[in-house]
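Since each chain sits alone in its own frame, please combine them into the complex, following the hints.
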Amino acid sequence: MRSRPIAARSAAALAVLVTVGLTAAGCVSAKHNSGSGDPQRNAHAKHATLTISTNAIVGGKNAQEATWISKTLIPAFEKAERAKGRDVTVKYQQNGIDDAKYGEKLELSLKADGGPDIYIIGGDSISRYAKAGYVEPLEKVVGSKVDSWPGWQQVDKSVQQNVSMNGKYYGVPNGVDGRVLFYNKKLFAKAGLPANWQPTSWADIIAAGRKLAKLSGVTPIQIDAGTPMGEATTMQGFLPLLAGAGQQIYDTKTGKYQGDTKAIRDVLSFYRSLYVTDKLGDPKLQQDPNGRDESFSEFSKGKLGIIGESDYLWRSIVCPDKSICNATAMADRNSTVGYALIPAEKPGAGVGGQDFVSMSGGGGYTINPNTKYPQQAWDLLTFMRSPTQIKAQLGDTVQITANKQVNSEILQKDPALSFIADKVLPITRFRPSEEHYASVGALLEEASGQAAAGKPIDQIASRYQQGVVKLVGADHVSSD
Amino acid sequence: MSAQTTSAPTDDTGAADASRPRRTGRTGPGDVAGLGVGRAVLFVVPALALIAAFLVFPALWTLYLGVLKYDLAGSNAAAPQFVGLGNYTDALTDPRFANSVLLTLAFVGLSAVLGQNGLGFLLAATLRRAVGWVRMLVNGLVLLSWILPGTVVVFLWQALLDRNGGTLNALLDTPGAAWTLDHPLATIVVFNVWRGTAFSMLLYSAALDAVPASHLETARLYGSGPLRTFRDVVLPRIRGHILTNTLLITLWTFNDFTPYMLTGGGPDHRSETLPVYVYRMSIEGGQLGFGSAISLIMLVINLVIALFYLRLLRRRGQ
Numbered sequence: 001m002r003s004r005p006i007a008a009r010s011a012a013a014l015a016v017l018v019t020v021g022l023t024a025a026g027c028v029s030a031k032h033n034s035g036s037g038d039p040q041r042n043a044h045a046k047h048a049t050l051t052i053s054t055n056a057i058v059g060g061k062n063a064q065e066a067t068w069i070s071k072t073l074i075p076a077f078e079k080a081e082r083a084k085g086r087d088v089t090v091k092y093q094q095n096g097i098d099d100a101k102y103g104e105k106l107e108l109s110l111k112a113d114g115g116p117d118i119y120i121i122g123g124d125s126i127s128r129y130a131k132a133g134y135v136e137p138l139e140k141v142v143g144s145k146v147d148s149w150p151g152w153q154q155v156d157k158s159v160q161q162n163v164s165m166n167g168k169y170y171g172v173p174n175g176v177d178g179r180v181l182f183y184n185k186k187l188f189a190k191a192g193l194p195a196n197w198q199p200t201s202w203a204d205i206i207a208a209g210r211k212l213a214k215l216s217g218v219t220p221i222q223i224d225a226g227t228p229m230g231e232a233t234t235m236q237g238f239l240p241l242l243a244g245a246g247q248q249i250y251d252t253k254t255g256k257y258q259g260d261t262k263a264i265r266d267v268l269s270f271y272r273s274l275y276v277t278d279k280l281g282d283p284k285l286q287q288d289p290n291g292r293d294e295s296f297s298e299f300s301k302g303k304l305g306i307i308g309e310s311d312y313l314w315r316s317i318v319c320p321d322k323s324i325c326n327a328t329a330m331a332d333r334n335s336t337v338g339y340a341l342i343p344a345e346k347p348g349a350g351v352g353g354q355d356f357v358s359m360s361g362g363g364g365y366t367i368n369p370n371t372k373y374p375q376q377a378w379d380l381l382t383f384m385r386s387p388t389q390i391k392a393q394l395g396d397t398v399q400i401t402a403n404k405q406v407n408s409e410i411l412q413k414d415p416a417l418s419f420i421a422d423k424v425l426p427i428t429r430f431r432p433s434e435e436h437y438a439s440v441g442a443l444l445e446e447a448s449g450q451a452a453a454g455k456p457i458d459q460i461a462s463r464y465q466q467g468v469v470k471l472v473g474a475d476h477v478s479s480d
Numbered sequence: 001m002s003a004q005t006t007s008a009p010t011d012d013t014g015a016a017d018a019s020r021p022r023r024t025g026r027t028g029p030g031d032v033a034g035l036g037v038g039r040a041v042l043f044v045v046p047a048l049a050l051i052a053a054f055l056v057f058p059a060l061w062t063l064y065l066g067v068l069k070y071d072l073a074g075s076n077a078a079a080p081q082f083v084g085l086g087n088y089t090d091a092l093t094d095p096r097f098a099n100s101v102l103l104t105l106a107f108v109g110l111s112a113v114l115g116q117n118g119l120g121f122l123l124a125a126t127l128r129r130a131v132g133w134v135r136m137l138v139n140g141l142v143l144l145s146w147i148l149p150g151t152v153v154v155f156l157w158q159a160l161l162d163r164n165g166g167t168l169n170a171l172l173d174t175p176g177a178a179w180t181l182d183h184p185l186a187t188i189v190v191f192n193v194w195r196g197t198a199f200s201m202l203l204y205s206a207a208l209d210a211v212p213a214s215h216l217e218t219a220r221l222y223g224s225g226p227l228r229t230f231r232d233v234v235l236p237r238i239r240g241h242i243l244t245n246t247l248l249i250t251l252w253t254f255n256d257f258t259p260y261m262l263t264g265g266g267p268d269h270r271s272e273t274l275p276v277y278v279y280r281m282s283i284e285g286g287q288l289g290f291g292s293a294i295s296l297i298m299l300v301i302n303l304v305i306a307l308f309y310l311r312l313l314r315r316r317g318q
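Sequence order for the protein chains is A and B. Just so you know, we're using the UniProt record's numbering here: the first sequence kicks off at 1 and counts up by one. Just so you know, we're using the UniProt record's numbering here: the second sequence kicks off at 1 and counts up by one.
Isolated chain B, as found in the complex (with noise of 0.2 angstroms):
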């Protein structure tokens, strides 16, 4: 956008008769659009621009953050030290990092993988079917775990699952339970699952709608059952829904702070995924440089992850 509006006049003024020669000049069999090189480099240094701004500087920034021991307070908040691949190594051979990756992975897993993505779809095929009221009333209740804001929703969880006095302790009469203390893995995963579910049933509702009525019946009318349809009619023409959706929810569960408004990360760092073991190394510990090694890690890792899919995709798009 900004790079048409910021070069479109140019054409009506005299600096586009000056790139004229050179464009000619320039032009060869790859040039489709036969703008040249010029104009085309004005083209896309606005977008280059922002790309350099706000992408690759932040990116050169935590990277150069990383190599320093870079203190929130303290002598090393006026000097950082230079260490090298220190801060990496060092998060490396912590085993609170490998506790936290661990943690990330089953987290992710149990919650979106598993989580979101079954009920997301157990929603979306049972709903189809439901009387009009009953479907509105079920998709009202799920966006709305979706939409509400997470420190209203976490204030909720945090009285439902209050050790005393709380609703699931009343209701399960069960009192003095500590959920989040005993559990706080399943914690954070059951309150994921709730939290998330919205998304991936809209968009399974979407894609079961783009599923052909006629298919559905033709394989109704030779005797499929539901678990044959599901597997030869319907699968085949959800198969990239379910990709992107389990890359999306994959990275967002990846990334995800709101564990830590749940549980803080405890009790003994069992509900320690990454992003809150980077908050509580830079901020709470105020180790900005080892923070910023950490950061640098899950980027990596954010990017197999989503390689990963993206490999996925295109195989099956082959």
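Just chain A, same shape as in the assembly (with noise of 0.2 angstroms):
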């Protein structure tokens, strides 16, 4: 008898506990409604702290970025808020991580409504973060002064577009990229391959590799794919192909993504005669955690014929001056790496009836929504974006930037940037702004893994059919 009030008293106290549980799990839902507050917020304070953070640091990766912010940006910019008679200090966030980490450090802590004030996103990022409240149109954030802003005449209207969504800016743009074929001239020359190359078809590609495959001790083909790869897999390797196959991976008109389409299928089974049929690529390297710095080390070494890549690798993988590239520097460069466009899978059968194709990835700095300090993060960002800063965020080195004046008066010095600047940019593609994205884009390495480990092509596409469906719906899937 005794045991039941007992009994009751436990039931009792656990509802409780539930109740409290579930009350509290009630935030879940509740959370990101808030949104931006007044623009004007703290415009007068007197002492103001911003906090920059960017996937950066100094002695490591991407060390010319970190030392540009630390060393010349956050000096410069707090001198020049003073002699407004503002103290604003300005911290920065150091990282040196693999850039998909970077991604899941950086939404942990937005989703905490914490997070740096100032930040990079990727254009193909924006439609993610703006449903989950992590970014806001800047005009929402700052106020009308934004459309106003003078730099906008500067930046290049796809430029401008990797960083909006429906006509409103999330960011301010930082530069762009496309990727091509970059080839190691000598070892061509040893295959008897001409010196000036240019593949008109995959087959092209296949019938070089071909003949570097005879030289010992050299990898002929490197083309991302796999899941270690993570995002590299899609831009340098994946989606470049699927446009060269005419197909982009989601199209705004319909709102469809690619399913089980002859475009998908053609990519897999030229990842798997790469890999497999023929042995031109390493399929190890494909499965390797470390995967993509290998084969920059091996192309650096002269043991690697063709990679597919931005001009990332060009920049701060190969340049000549080791302070920036350390060890995979080639002192050679010019003479040695040579570069051309990525050929439609056939003359004519690229997307929207091109002979070459190419993707572009970049994006801009953008101020979180739920900054205490929106008007000095807003000169902050405009600071970091004028001319000067960004030829000092550069040195010596020469990028595509997202300013038209920069960019007439440094590409010059450079014959592969320009050559990506007039050849390339034309037409090239980006990736959706679509939320579904990143999800499908983790299908795509996966497929692209398995077609390089060999799985027939049939099994691959269809499984793949079957994530995109789950993920965004049959109607939003196209197949044939």
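Quick caveat, the hints were computed from the structure, so don't treat them as lab data. A couple of the hints might just be wrong.
[Claimed, not checked] Under 7 angstroms between C-beta atoms, here's a sample of chain B residues computed to sit facing chain A: (1) Leu-72; (2) Gly-74; (3) Ser-75; (4) Ala-77; (5) Ala-78; (6) Gly-140; (7) Leu-143; (8) Leu-144; (9) Pro-175; (10) Ala-177.
[To be verified] Derived DSS-like pairs (lysine-lysine); straight-line CA-CA distance at most 27 angstroms: (11) A/Lys-91 to A/Lys-284; (12) A/Lys-284 to B/Lys-69; (13) A/Lys-186 to A/Lys-301; (14) A/Lys-61 to A/Lys-211; (15) A/Lys-84 to A/Lys-140; (16) A/Lys-279 to A/Lys-211; (17) A/Lys-84 to A/Lys-372; (18) A/Lys-157 to A/Lys-413; (19) B/Lys-69 to A/Lys-157; (20) B/Lys-69 to A/Lys-101; (21) A/Lys-145 to A/Lys-168; (22) A/Lys-131 to B/Lys-69; (23) A/Lys-105 to B/Lys-69; (24) A/Lys-71 to A/Lys-404; (25) A/Lys-279 to A/Lys-61.
[Claimed, not checked] A few chain A positions that, by computed beta-carbon distances, are all more than 10 angstroms from chain B: (26) Ala-45; (27) Lys-71; (28) Ile-74; (29) Lys-79; (30) Lys-111; (31) Ser-127; (32) Lys-131; (33) Pro-456.
No experiment lies behind these values; they were computed from the predicted model shown. Ideal Cβ placement from N, Cα and C applies to all residues, glycine included.
Quick look at the structure:
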């Protein structure tokens, strides 16, 4: 008899705990509805602190950017603010980690209503971040002065679009890149291939690879595949190939993703012939968590013939300057490394009927909607993207910036980058700004990895299709 | 502890006097401490509050997140959808989930239950008869593998197993052999045996010290061989230690995340144990709700393992 009231009491206690738990849990759904507050909040604060975060670290990854922010940008900005009678302190959060891990770290801190005041967003993340409340249109965060910023006139329309959604700016662009096939001219000479190589079809790439395969100790071709390469797989590999097969991953007009389509199967078959049938690539490299860095290292040592990459390889991996490119620096880069446009599967078969294709990335700096100091943050953002600071960021190196005036001054110094600016950017495509893209991209990584490991194409394609349908619903997937 | 410190002062104040009549009123034959319900509750409340805050609440929270489609970014981050048991059915029908359960069982069985247990006991038994300095040296080396930080150890192992210029390839003269890629499960099994043997060794050393020397002496006088002595004299003495040790290393290994640092769960999910699977789905894939659901399934599996061992222990007690 005595046990009954105890049982009743424990049940009551449990009920209370459950109620408390679920009430608190209700916060999950109510969290991000608040949005940004008054753009003028703390506009006249005597002391303000701002935090910038990027995936760069002095002496490590993207060292040049980290050095610029900490040594040049911050002191110059703080001085400029003092001259305006404002005391602003800028803190810089350095990171030197894998890009995907950096994204996870940023998302987790933003989710907890924290995060830096200023951070970089990729154009493809804007939709996902906006839906989650991690970014908002700049005019909502800062006010109407955003649209009248004179800097916009220096930014190309396509580059503006990369930081915009529904006609509104979400960030201030930092630059743009393009993808080509880099190749080693010395190896090409040994294999009897021309120094100014330009393939016009996928078959041409395979043919060149077969000649390179005759050289001993040389991996002929590296096109990123598989999950360990992360987003590099889609950007350097799958999406340029898909564009070459005549499709983009997401059709904005119909709102459909590519499912089990001919284009997808063609790309998978290309991977298969590259890594399995013709054995022109190193499939182990595609499984290795450090595979991309390994392939950079091989390319810089003259052990890799052709690599599909962005101009990042040229600027930051094989540049002649050891202080920037560390162990992979190539003193003879300008004479040894060649670059060619990525051909469509067959001439004219590329997206939009193109003969050659490319993909571009890039994004910009944005302001955390939860910042305490929106006006000061906007000052910093525009200060960062002034021509003086853009040039300070580049130092002696050359990069395609988001400023036409700066580009016209510096690009002529570098043949590869002017090639990309002149020949690649006009034919390039950007990743879709659609909230499911990141998850679809992960499915593409998985599929390409399986193709490189030799699984049957039909099986991979139909599993990929199931995955996409589960993500976005059958109505938003095209298949043929 | 906190129960005593918070309620002790009330004994000397009016509050104690006020509760006295109630105490006498409710003290029954089962009230051994003679506290009465009110004061007994007062004693356990702080402990219950701690349990509620750090165990019950997180568990309920996990349970709640597990029924949501709740992501790290995108619209499901701002407004999660209720999907009921959807996450659980998704997990249970996902071939990747089944794959990681099987992998985890193999990993735990081979590296902890067999590997760490066996090697730990062997070392403990052999070292008993070793010379002092040998014992110290081996003990020190084994302990080192246990106390070094995981990240450092993983870095050392990467240098050992590296495809290009790794120590193992240099020693075996097998240039270009990709151990972590070709034998992912074996890699993490050997690694975990190497890493965790120290605990079993220490525990079994202590256990073996508890076997009275006179018993061993007697067995030897009666002509019992080493195997027989082990079975009839040593084993009955240390059975409890074996069970406790196996329970602990099973649970630790089951929840161990270190394989991720060594192989990243790959290639092709071939070393994707459950903790790695949870991490890859919830953090890398951004599906926090789905991750919570699988975490809860893991918790249940942990509970089943613990209950299984505890039953074995109790049966031994009877």
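- Violated hints, by number in ascending order, as checked against the structure: 6, 7, 8, 9, 10, 11, 12, 14, 19, 25, 30, 31 and 32
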